[in-house]
Amino acid sequence: MTQDTRTLYDLAHARTGDKGNHSNISLIAYRADDYPLLVEHVTPERVARHFAHRRPSAVKRYLLPRLGAMNFVLEDVLDGGVNDSLDLDLHGKSLSFHLLAMLLAGPVAPSHPA
Amino acid sequence: MDVLNVGCGAGFSGDRLDAPGPVVKTLIARGGPAVMMFETLAERTLAFAQLARRSDPAKGYEALLERLLRPILADCLAHGIALVGNFGAANPPGAARAIAKLAAELGLPAPRIAVLEGDDLSNRMNDQTPLQRLIGTDFDARRFVSANVYQGAFEIAQALRAGAQIVVAGRVADSSLTLGPAIAHFGWSREDWNALAGGTMAGHLLECAAQVTGGYYADPGRKDVPGLDNVGFPIAEIAADGSCVISKADDTGGVVNTLTVKEQLLYEVHDPAAYMTPDVVADITDARVEEQGPGRVRLSGVRGHPRPPTLKAAAFFEGGWAGDAEISYAGPNAEARARLAMDVIRNRLGKQLTLRFDLIGVCSILGDDAGRLLAGTPPGRATDVRLRVATRHDDPELIDLLHREVTALWTGGPAGGGGVKVSKRQRLEMCNFMIPRELAPASFHLAGATGDKESS
Numbered sequence: 005m006t007q008d009t010r011t012l013y014d015l016a017h018a019r020t021g022d023k024g025n026h027s028n029i030s031l032i033a034y035r036a037d038d039y040p041l042l043v044e045h046v047t048p049e050r051v052a053r054h055f056a057h058r059r060p061s062a063v064k065r066y067l068l069p070r071l072g073a074m075n076f077v078l079e080d081v082l083d084g085g086v087n088d089s090l091d092l093d094l095h096g097k098s099l100s101f102h103l104l105a106m107l108l109a110g111p112v113a114p115s116h117p118a
Numbered sequence: 024m025d026v027l028n029v030g031c032g033a034g035f036s037g038d039r040l041d042a043p044g045p046v047v048k049t050l051i052a053r054g055g056p057a058v059m060m061f062e063t064l065a066e067r068t069l070a071f072a073q074l075a076r077r078s079d080p081a082k083g084y085e086a087l088l089e090r091l092l093r094p095i096l097a098d099c100l101a102h103g104i105a106l107v108g109n110f111g112a113a114n115p116p117g118a119a120r121a122i123a124k125l126a127a128e129l130g131l132p133a134p135r136i137a138v139l140e141g142d143d144l145s146n147r148m149n150d151q152t153p154l155q156r157l158i159g160t161d162f163d164a165r166r167f168v169s170a171n172v173y174q175g176a177f178e179i180a181q182a183l184r185a186g187a188q189i190v191v192a193g194r195v196a197d198s199s200l201t202l203g204p205a206i207a208h209f210g211w212s213r214e215d216w217n218a219l220a221g222g223t224m225a226g227h228l229l230e231c232a233a234q235v236t237g238g239y240y241a242d243p244g245r246k247d248v249p250g251l252d253n254v255g256f257p258i259a260e261i262a263a264d265g266s267c268v269i270s271k272a273d274d275t276g277g278v279v280n281t282l283t284v285k286e287q288l289l290y291e292v293h294d295p296a297a298y299m300t301p302d303v304v305a306d307i308t309d310a311r312v313e314e315q316g317p318g319r320v321r322l323s324g325v326r327g328h329p330r331p332p333t334l335k336a337a338a339f340f341e342g343g344w345a346g347d348a349e350i351s352y353a354g355p356n357a358e359a360r361a362r363l364a365m366d367v368i369r370n371r372l373g374k375q376l377t378l379r380f381d382l383i384g385v386c387s388i389l390g391d392d393a394g395r396l397l398a399g400t401p402p403g404r405a406t407d408v409r410l411r412v413a414t415r416h417d418d419p420e421l422i423d424l425l426h427r428e429v430t431a432l433w434t435g436g437p438a439g440g441g442g443v444k445v446s447k448r449q450r451l452e453m454c455n456f457m458i459p460r461e462l463a464p465a466s467f468h469l470a471g472a473t474g475d476k477e478s479s
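Chains as they are written, first to last, in our numbering: chain A, 5 to 118; chain B, 24 to 479.
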């Protein structure tokens, strides 16, 4: 069996927004046919592991099948948010592309830059 | 079909000044009723505006206001295009005076300007329901800067119906800047939940300007955007049922497609079934996003639920100082030299200051303040690395100390370090709280007269 090496970037696009210390990341399938696959594999648990270094207190997933989209809300991942964080990226705007770097299936490596 | 065109002229304070012109031109060419909205008030922008007003009572409104409106004011007034913006920031009356002055300078008849009131709670320290009680233990009177409540759309609508050509707001929900004109145009009632929710999400799509027309979106080879350097700002054609079609200014770059609209629809949304605003709880669970011809995307199927009993408010407190300092290393063994520089700073300052380190070119913005991601990144062979050290402290002297220590890496650090830059800024801490509507009534006044008091 060959290993599935596809990343979310191959199937979907994404955008990050912030509110306080929480980040929301939309994940939107390019093709409606791929949406069930994304729903099956991109679970809140795997996303939480993928962002483990940000210590999310919770990861919630909302499904929007008509849009072929999911909305992930990662709580308390912004080091206090735009007023507190020492990150250059105060808003966490780059986090969508971290999500897209995740493998579709298979083990989630502890958060690590590519 | 009866349609209201709402064009977007700004998505944040400091947005491109050449963007509103093509939007206004397009609205005029299309004909029909039209409004321009300007969103220039991010969370912190208002608190900084409050500080600006403290040091000069004439200031505290959008700093670029005159430059933003100068190119379009005459055309808008001549064609009956109302202007609605939260560019009043901490000083809406000051903004109104500035616009009146600008109109006079341009030789235009004095426009009818409405000023919204009721968002600023900053002076309500000692009244019946002190802020202290609403905010609770986070309240710190010594550090208090300001508190503002997010007001809704109905006072904007009333001002327009009363004949305002320009509506100057301070803090309102961003989507109110679009919903207000839609309420005024279609006469929606306070219980037309679905229409109010549709108008709200139309506003949500507009309020970040280029973010729905190819900005914050372009990804070469994957999501290509033609003419991103001249990206056009969006226009929403709102229908009587609250559905809308998004397009953009003629003769501009950028793109409007189902992808850009879906991305922006979910931007800063948490529960898609409960997008909370002062006037309605919008539900996009069953919303549809469909292409209606090239560059035109329709949003429909947004549902509305009754508005919440409380309004969201934000208080700001002085939070000391934050600062950072950077130095770069390049060529053979650059990463090892940058890591050595990091160790030097950690050993010299780590006991006095909480430090965040970035190795730009190795691991930076995806990392965390505690350094977990960087600690888990094994040393590599990057050849162009910039060390960044950031900290915060109540005492600005300690920020200066960080600056001196990183600057001293020039002479006392690893080989070949260059390009030191340092910066320091005042910090603000934000505290969100909810306030019962009846404690924060909104109102407006027009041309010196006091308008209807509204407590919605």
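The reader is advised that the hints may include incorrect statements.
As the list claims (entries may be wrong) - What follows is a set of in silico ranges between Cβ atoms, one per label pair, in the way DEER data are often shown:
hint, chain 1, residue 1, chain 2, residue 2, range
1, B, D366, A, E44, 29 to 35 Å
2, B, R156, A, S61, 34 to 40 Å
3, B, A164, A, A36, 41 to 47 Å
4, A, A36, B, F35, 31 to 37 Å
Claimed, not checked - 20 Å max Cα-Cα, derived PhoX-like pairs, lysine-lysine:
hint, chain 1, residue 1, chain 2, residue 2
5, B, K246, A, K97
6, A, K23, B, K124
7, A, K64, A, K97
8, A, K23, A, K97
9, A, K23, A, K64
10, B, K124, B, K82
Everything labelled a hint here was simulated from the structure, so no lab data went into it. Backbone N, C-alpha and C fix where the C-beta goes; we use that ideal spot for every residue, glycine too.
Quick one, are K246/B and K97/A close enough, alpha carbons at most 20 Å?
-> holds, 17 Å
Satisfaction of hint between K97/A and K23/A, Cα-Cα up to 20 Å = holds, 11 Å
Decide if the proposed pair is consistent with the structure: K64/A and K97/A, CA atoms, cutoff 20 Å inclusive.
-> Answer holds: K64/A to K97/A is near 18 Å, not above 20 Å.
Taking 29 to 35 Å as the hint, is the beta-carbon distance of D366/B and E44/A inside that range?
-> violated, 45 Å
Status of the given 31 to 37 Å range, CB of F35/B versus CB of A36/A | Since A36/A and F35/B have Cβ atoms about 33 Å apart, the given range 31 to 37 Å holds.
Is it true that the CA of K23/A sits at most 20 Å from the CA of K64/A?
-> Within the cut-off at roughly 15 Å; holds.
34 to 40 Å as the expected CB spacing between S61/A and R156/B, which holds or is violated = For S61/A against R156/B, whose Cβ atoms are near 28 Å apart, the range 34 to 40 Å is violated.
Return holds or violated for the Cβ distance of A164/B and A36/A against the range 41 to 47 Å.
-> Since the Cβ atoms of A164/B and A36/A sit about 55 Å apart, the hinted range of 41 to 47 Å is violated.
Given the hint that K124/B pairs with K82/B, does the C-alpha gap stay at or below 20 Å?
-> holds, 14 Å
Satisfaction of hint between K124/B and K23/A, Cα-Cα up to 20 Å | violated, 37 Å
When held up to the earlier numbered hints, the structure conflicts with 1, 2, 3 and 6 and fits the remainder.
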